[in-house]
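Residue numbers (my numbering), protein chains in the order written: chain A, 572 to 734; chain B, 226 to 645.
Note that these hints are calculated values from the structure, not bench results. Owing to the predicted nature of the structure, the values given are computational and were not obtained by experimental measurement. Do not rely on the hints blindly, as some may be mistaken.
Selected chain B positions facing chain A (Cβ under 8 Å, derived; list incomplete) [stated by the list, open to error]:
{"no.": "1", "residue": "Asp322"}
{"no.": "2", "residue": "Lys473"}
{"no.": "3", "residue": "Gln474"}
{"no.": "4", "residue": "Leu497"}
{"no.": "5", "residue": "Gly499"}
{"no.": "6", "residue": "Glu504"}
{"no.": "7", "residue": "Val600"}
Using N, Cα and C, we set each Cβ at its ideal position, and we do this for glycine too.
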Amino acid sequence: MRKTLLLIALLAIPPAARSAPAHVHGAGHLDVAIDKGQITIALELPLDAAVGFERAPKNDKEKAALVAADKALKDAAALFMPTPAANCTLQSVKLDMPQFAGGEHADIDASYVFRCAAAAELKGIETTIFKQFKRLYRLETQRSGPNGQGAARLTPKHPVVSW
Amino acid sequence: MNAVLRLAALSAWSRRLTLGLTLVAIVLATTLLLAVERIRVDARQSFSQSVSGVDLVVGARTGAVQLMLYAVFHSGAASNNIGWNSYQAIAGHPAVDWAVPLSLGDSHRGFAVLGTRADYFRHFRFGEHEALRFTAGEPFASVFEAVVGSEVAARLGYAVGQEITLSHGIGETGMGEHGDKPFRVVGILAATGTPVDRTVHVGLEAITALHLDWVGGMPMPGLNIPPQLVAKFDLQPKEITAALIGLKQRSDVFRMQRFINEFRGEPLLAVLPGVALDELWQAIGTVERTLLAISALVVVVGLAGLTATLLAGLNERRRELAILRALGAGPRDLFLMLTAEGLLVTTLGALLGLALTSLGSSLAAPWLLERFGVVLGARLPGAGELELLGLVIATGLIASLIPGWRAWRMSLADGLTPRI
Chain A
572 MRKTLLLIAL
582 LAIPPAARSA
592 PAHVHGAGHL
602 DVAIDKGQIT
612 IALELPLDAA
622 VGFERAPKND
632 KEKAALVAAD
642 KALKDAAALF
652 MPTPAANCTL
662 QSVKLDMPQF
672 AGGEHADIDA
682 SYVFRCAAAA
692 ELKGIETTIF
702 KQFKRLYRLE
712 TQRSGPNGQG
722 AARLTPKHPV
732 VSW
Chain B
226 MNAVLRLAAL
236 SAWSRRLTLG
246 LTLVAIVLAT
256 TLLLAVERIR
266 VDARQSFSQS
276 VSGVDLVVGA
286 RTGAVQLMLY
296 AVFHSGAASN
306 NIGWNSYQAI
316 AGHPAVDWAV
326 PLSLGDSHRG
336 FAVLGTRADY
346 FRHFRFGEHE
356 ALRFTAGEPF
366 ASVFEAVVGS
376 EVAARLGYAV
386 GQEITLSHGI
396 GETGMGEHGD
406 KPFRVVGILA
416 ATGTPVDRTV
426 HVGLEAITAL
436 HLDWVGGMPM
446 PGLNIPPQLV
456 AKFDLQPKEI
466 TAALIGLKQR
476 SDVFRMQRFI
486 NEFRGEPLLA
496 VLPGVALDEL
506 WQAIGTVERT
516 LLAISALVVV
526 VGLAGLTATL
536 LAGLNERRRE
546 LAILRALGAG
556 PRDLFLMLTA
566 EGLLVTTLGA
576 LLGLALTSLG
586 SSLAAPWLLE
596 RFGVVLGARL
606 PGAGELELLG
616 LVIATGLIAS
626 LIPGWRAWRM
636 SLADGLTPRI
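Given only the sequences and the hints, what does the whole structure look like? Please build it.
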């Protein structure tokens, strides 16, 4: 019995690799690449973190929640704030809301591109995403830029990637 | 004032045994604290300096940290191999600027043997984007040529032209020698302070060539393919351990990572080396902080011992202090005397601790390098160490104020009145 439990426990440990992309409610992924004055941000959120359910909306309230999430995620200038001195402007937003084609989970994928006039001043990026989505507790962040690569865990108390 | 300090010194000398033991406790406690801090900082430093300018490390699907440790640092558990086809598919991706295959598993007298391409010496970067340099010779060009790291050359006394044989597996000797196919050292790399120094580099084809007449991990009896015939075989490897990838544009890195992680042919893993290292630090950060906290507690215990010794001394020195008072020393002088004594012992202890740490780390450095690949720099104490040293002395000052204050409060009559 104990061995079975141990086996189950071992199997339950999530692999570190993002193979079949990990899906943890409350936790999203953020990838930030900085190259030649351009910031590329890729965001992946469990739909649950944004709206509280992971299926097709059943009533008007849920439909409204989806629309609100869509709007908030498209308003990138309010969502991500690079160091003001770097003078960055939003170039493009691409948002993939889930299509509810079945399956247990649903994720939101979004990508944003900023262009910065004074890239040397760029010291970090702050996000207001935790204020927008109260069911989001952390963002596992990878970054790659002129100062090297790094990992960080963003939380409502520490919503900043810096380098 | 001077007279008071002179008296304090003489008085301390007369109690040298107890004070000496307290001093030893403080020295050891400080050494422990500083050693933990130094290893912590230097381990981080030597790991993060080991690879730069590589966008992705690709290997079999395992943990990010494990793949990094094995592929780049040649330590930890070996990861699975990946197919040559997968490597080619990734290397041929339009976003990829360069790709260097790595094949591990053989060794030479305890040093890891890395099978790779001559491109490795061109693309590999360490520290602040520094390229590898040759102190002698040049990259390998044909099958049975090897390039050795600076430490391999120094420890084994190799020069260009030296003939060496590689061994199968990681044993010092005996697991199986590739004695029939000797290599010639054609290049020696400059010291980098990274695992490169402890590596023998050979061509990827050489690894295949070595194992041509091997079956199931053993030399096949009766079959021996001499080195001069090796070129007649297809030396393209069927599998490699990992690959280093550099991209044309950094902004592609996450797209490429996803492409590799979702690769159709076989389960692969792509990690950003810097991200994997940060994850490693996040994982062991708690342990580091615990170690540092325990060492800090040991220092507090040492200083509490100092306070206790000085306070106990006060009782013995009741008469001595009373006589000093009778001779004209004010309460302030006694306070100064006692505090100065405590502070002096702490400062001396802290400085001796620093000296002991430096001595110990220079003695332990070769062992740490060999066992864990951690480079302990022979250097001046870092900012963190000085801060800790300052904290020890400040805490020592506070601890010495207590006996000082007691001495201040002792009345003149106290020591002169015989007690019943």
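Find the hints from earlier in the document that the structure breaks and name them by number, from lowest to highest.
1, 2, 7
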